[in-house]
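Student: Sequence:
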Amino acid sequence: MDAATLSLGALAIAIVVSCTIRLHVGFLAISLAWVVGVYIADMSAAEVMNGFPTRLFLTLAGVTLLFSQAQANGTLDLIAHKAVLLCRGNVGVMPMMFFALSFVLASIGPGNIASVALMAPMGMAVAGQVGIPAFLMAIMIGNGANAGSLSPIAPTGVIVNGVMDEIGLGGYALSTYLNNMMAHAVVVFAAYFLLGGWKLLGRYHEGALVVPGRDAGDGAEGKTTADDFGREHWITIGVIAALLVGVILFGVDVGLGAFGCAIILALLKAGDESEAVKIMPWRVIMMVCGVTVLISVLDETGGLELFTRVLAGVSTANTVTAVMAFTTGFISIYSSTSGVVLP
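Taking this note's numbering, I'd label the letters of the sequence shown as residues 1 to 343.
No wet-lab data here; the hints were simulated from the structure. One should not assume that every hint holds.
[What the hints assert, rightly or not] Derived DSSO-like pairs: lysine-lysine, alpha-carbon spacing no greater than 30 Å straight-line:
#, residue 1, residue 2
1, K82, K269
2, K278, K82
3, K199, K82
Turn these sequences into a full structure, and let the hints steer you where they fit.
Tutor: As structure tokens, this is what we get:
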């Protein structure tokens, strides 16, 4: 059996393990890359290690460090609470507000997973109090976060754009982001009408909402005022805004820029980098980087070309997109989309 087949088999093993066993697939992928690359494909250890995506690692680490600081100092949570109050009790507007807020939070850097983790407890609590169907609220939050997931500065967007650059499809970051956003917006629009969201328009909830989250125990009211924004929150918002302007208008590298912004927050005592490091998604970062090392070995051994031939054998020009969508969708049910499927 040649190296191409064995390397493709190694990738299959990594995917199966990620779906069935609680083992870090990134570390497994690096180990498989070492065995296949050095002992089967006659690659040197240095050649295998050259497959480690240093640029991607620094970008993911920088972005997640900055927004972990914003999460740790309560800025993201406070913004979410303020957005809920903007609805002024209009029940029909609340689902759309949670969609928009999840979309914005995912787009500006934390990514879809962090945004859902932040918004879901709040959204489901509000839905239960005002009579919004739980399934509708779940769709709003989930699709909102995924709508913003391919932002050029969001972790998943960074991964997707990096892969596209490697295969010669660079320059489509904005269109990819917007197309993904529109697809999820269509789903949300349909769900809003099919699940009765439109019937809630004009209904108002009287009294305070109990919103779980920032510095609130059980039963704490989710009422906040403008005074709740402290010095550290305004500094954090300003630094994030400066990063967005730099990336969009001046071509600042998002990863290095995020590191710089994180250090500014630490120096100004607006963020605790030590606490932020503890809550960074290191597992996901190393999963992405580890699988990328294995993918680079596949590329060197001809495994990717073999996979292309296999795919061509089971599909046509008219069905290849559907086959890929079904396959990746099925795998992502059981394994990490950003860590396994996309790389």
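Student: Hints first: check each against the structure and report whether it holds.
Tutor: Now the hints, each set against the structure:
{"no.": "1", "hint": "K82 to K269", "result": "holds (23 Å)"}
{"no.": "2", "hint": "K278 to K82", "result": "holds (27 Å)"}
{"no.": "3", "hint": "K199 to K82", "result": "holds (25 Å)"}
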